[in-house]
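**Student:** Here the structure of chain F is known, so what remains is to put chain R in place on it, guided by the hints.
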Amino acid sequence: MMKRLPLVFLLAVAMPLAALASQHETLDDKRIVAPSIDPESSCKICHEDVLALRQDLNENDAHSEVECIECHLGRRFNPHLPPELSDGDVELTEQFGGYSEHSPEIIAGCTDCHDEVTEEWQESIHGAGPETEEGAARASCLSCHGPLHAMTDDPLDKHHMAERCIACHEFEDGEIESSNPHVAHTFRETIHGKMITLGNEDAAGCFDCHGGHDIHAIDDPLSMVHPDNKAETCRACHEDATDSFTAAISHRPHTIDADFWSWAVALFFSCLTVGTLLMLFVHLGLDLSHAIRNAFTKGGEIEHGPEDVAIAADDEVERFDGHVRAQHAMMIISFVTLALTGWPLKSAEVGVSSDLVRILGGQATLALVHRAAGALLIILSVYHLVYLFKRWRSGKLSTEMIPAPEDLGGISGNVLYFLGLREERPKFGKYTYYEKFDYWAIFWGVPLMVGTGLILWFPEICSRILPGGLITLAFIAHSDEALLAVLAIFLWHFYNQHLRPSVFPMSWVWITGRITGEALYDEHRLTYEKEYGEAPPRKPVHESAWHEHPFWSIGALMVVLLASVIVLVLDVESLSEEMAKLGIREAPERHEVELAVEEPEFVGVYDEGFDSWETCFVCHNEVRYESDEETFPHVVHFEDEELDDDCLTCHESVFHLKFVTDKEECLDCHEPEEIGLPKQEPEA
Amino acid sequence: MVQNSVKRRTRANPFTFIGGIIGLVTFLVVGLLPSLLYGGYAGVILGGAIFGTPIHESIFAQATVVLGVISGVLAIGGVFVLGGAILATGAYGLFSVIHIVAEEKEKVAVENVAV
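Read top to bottom, the protein sequences are chains F and R. To get the numbering used here, take the position in the first sequence, counting from 1, and add 2. To get the numbering used here, take the position in the second sequence, counting from 1, and add 17.
Here chain F stands alone, though its shape is the one from the complex:
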């Protein structure tokens, strides 16, 4: 009887396996799947982190219902494969149990269930294209769909999908023959790329234009972006797309060689922005330094006039009528809204933008609000033109806003005054040169922004009338002019009208429409003298309140500058990490896409005081409960805890590879005759 025990034991193990193999033709002959395995409880013992990841899977993800062993059948995709069977590639062993993500065994794990797309993929450039160095497909399931264990979102999440496409298609020029090396960054710069980065799932991702499993090379007539098919592909989203429209959508970089006009427009606006900023900073710095000097020397204060002057320094006179204030209010609403909803799109690659968009209601909502604000800007423009026309008809239209040669004298005189080279400030009329700058900047900017905005709003219609390439130019111009406008208004206008020490933190003119006699005298002397003569306004009837003292305003600005310098000196990245630790903001990890499957490191319970009996029985409990002294004689020993050895004594390894297929292992402990082997003759 004892002699037959090993055979019986082997049969006991092999028969269930054979039965299982008959149900799964693709199983290889070395699998080990114990019939008693309950993945939810068994795999969890060692792979809690993997199961935790899977529990986070989207409810709509079909894999949330898939058991571990359905993919990890036998040795296929078996992470317990030892390194020696994976050609020494330990990394691959840890990730895929010895196989690369392109290996047929891994792909078969997916196609067993997803056979409906297998053929498409096999005929695509990813499946049938030139082989990689690993001798497998160019891009297989996991290459595009990502690590299943770590997938916490919809597998079709376009942002992550695009990042995975980019991960392979981002290479140096010439690295891959006849491939466009600009695919990655040009996609990120397109409206589609930006919208997807911000989480808009309705925007076109890579596979919307190039195809998914049936993707083909661009010069293949089967390709969705082949010139013969491109318009049809675009019409899936843009119903009225024409060939002219499709010309605007490409992966051409904005370089002088690839796309001259895009390059030229971008260069023009960038130079304009930098030049304007430099000018503004010089002016702002001179003004601020003059204000600081005045705060300590008191040299710039107005010598107030006698009692008989018609206006006191503290008296107010009307500067803007109700229509102007209404237009200004509309401009504030539309401009701030446009800036707030448009800036995240421009800076989509900055991680904070995604958070900002999420807080503000999502990218689709922002797009809607942005267009509403644009419509308000159009209404405002019409309102302003009608207002000017009516003023002109009634003979009240002032020409003082029109730039004049005197403005050049005003600029030079003001600069000399700021530098202390001139005692008195130049005399300005109703509008100073910097106020004219504000007005004409908007007067030029609004038609540009409205025009380009309308092109972007209705690209199909515009492409019927205008060359499709204008859409790309409109996108660049709209985006870059917006940056210039935002910086000009927030820096130049805000400082000159609201944040100067003399009016800090806010001028009331835009609310009340009135200006004080002192401000009128100081900033619009020509107008003052025309109305009240040359004598300065009377002395204020009350002393200035503490908060009106320019020292506090300057102090506040100094705090801003000082804090900026401190932060610049500090390592911003480490500061960001510290803030993330404090929970102030999320760590900037949104754009990192790991292609490798995030398998938990197999620490090997064997190394941590492994009690092989109890551990192995978690999965292989049939050995404990379905064995008896006849089928498995060792069972009596471990029940009595008399056996010093454990499972690994015979099975050798936790990698499930050692099968007791012969009796060699038994001879370590038993004499041959004990297990039915002929007694070995001692060697001569």
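Hints in this document: simulated from the structure, not taken from any laboratory. Even glycine gets a Cβ: it sits at the ideal position worked out from N, Cα and C. Check each hint, because a few of them may be wrong.
To be verified - Just so you have them, the derived chain R footprint on chain F, three or more residues with Cβ under 8 Å: (1) 212-226; (2) 481-489; (3) 493-499; (4) 504-511.
Said to hold, decoys possible - Just the calculated beta-carbon pair ranges, DEER-fashion: (5) F:Pro469 - R:Ile76: 36 to 42 Å; (6) R:Gly69 - F:Trp446: 25 to 31 Å; (7) F:Ala260 - R:Phe77: 40 to 46 Å; (8) F:Leu563 - R:Val118: 42 to 48 Å; (9) R:Phe68 - F:Asp114: 51 to 57 Å; (10) R:Phe77 - F:Cys115: 54 to 60 Å; (11) F:Pro469 - R:His73: 30 to 36 Å; (12) R:Ala126 - F:Phe283: 57 to 63 Å; (13) F:Lys432 - R:His73: 44 to 50 Å; (14) R:Phe77 - F:Asp114: 54 to 60 Å; (15) F:Asp242 - R:Ile76: 26 to 32 Å; (16) R:Val132 - F:Gly324: 39 to 45 Å.
**Tutor:** What follows is chain R alone, placed relative to chain F:
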């Protein structure tokens, strides 16, 4: 300029100034880092368009990025300060209206009691 009637100044309430300071503090707490990031990003965009991408370590390219960072900080800082001042002024206005309405009600109540 329409200088019809001369009125006493209506501005200068402490709420406006305090609001501006609160805006400044708020900016230093929550707005400084994003403004650095956004400003730097704007600088990189501008530098990339002028000097080409990827941006090389030339002094002008770096200066452009620094210009963007400073612009971002000052621009966003200005928005916070002015926004704080406007909100506080609005709060002051609301407070004033409520105060006036309450006074009117009290006045009417006193008159009713007297009657």
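**Student:** Now tell me if each hint is right for this structure.
**Tutor:** Quick rundown of the hints versus the structure:
1. 212-226: violated (count 0)
2. 481-489: Satisfied; 4 residues make the cut.
3. 493-499: holds (count 3)
4. 504-511: Three-residue rule met by the region 504-511 of chain F, so holds; n is 4.
5. F:Pro469 - R:Ile76: 36 to 42 Å: The hinted range 36 to 42 Å holds for proline 469 of chain F and isoleucine 76 of chain R, with Cβ atoms some 39 Å apart.
6. R:Gly69 - F:Trp446: 25 to 31 Å: The hinted range 25 to 31 Å holds for glycine 69 of chain R and tryptophan 446 of chain F, with Cβ atoms some 28 Å apart.
7. F:Ala260 - R:Phe77: 40 to 46 Å: violated, 24 Å
8. F:Leu563 - R:Val118: 42 to 48 Å: With a Cβ separation near 43 Å, leucine 563 of chain F and valine 118 of chain R satisfy 42 to 48 Å, so the hint holds.
9. R:Phe68 - F:Asp114: 51 to 57 Å: holds, 53 Å
10. R:Phe77 - F:Cys115: 54 to 60 Å: holds, 57 Å
11. F:Pro469 - R:His73: 30 to 36 Å: 34 Å Cβ-Cβ, so the 30 to 36 Å window holds.
12. R:Ala126 - F:Phe283: 57 to 63 Å: Given a distance of about 59 Å, which is inside 57 to 63 Å, the answer is holds.
13. F:Lys432 - R:His73: 44 to 50 Å: holds, 48 Å
14. R:Phe77 - F:Asp114: 54 to 60 Å: holds, 59 Å
15. F:Asp242 - R:Ile76: 26 to 32 Å: The hint (26 to 32 Å, Cβ to Cβ) is violated, given that aspartate 242 of chain F and isoleucine 76 of chain R are roughly 49 Å apart.
16. R:Val132 - F:Gly324: 39 to 45 Å: holds, 41 Å
When each numbered hint is compared with the structure, violations occur for hints 1, 7 and 15.
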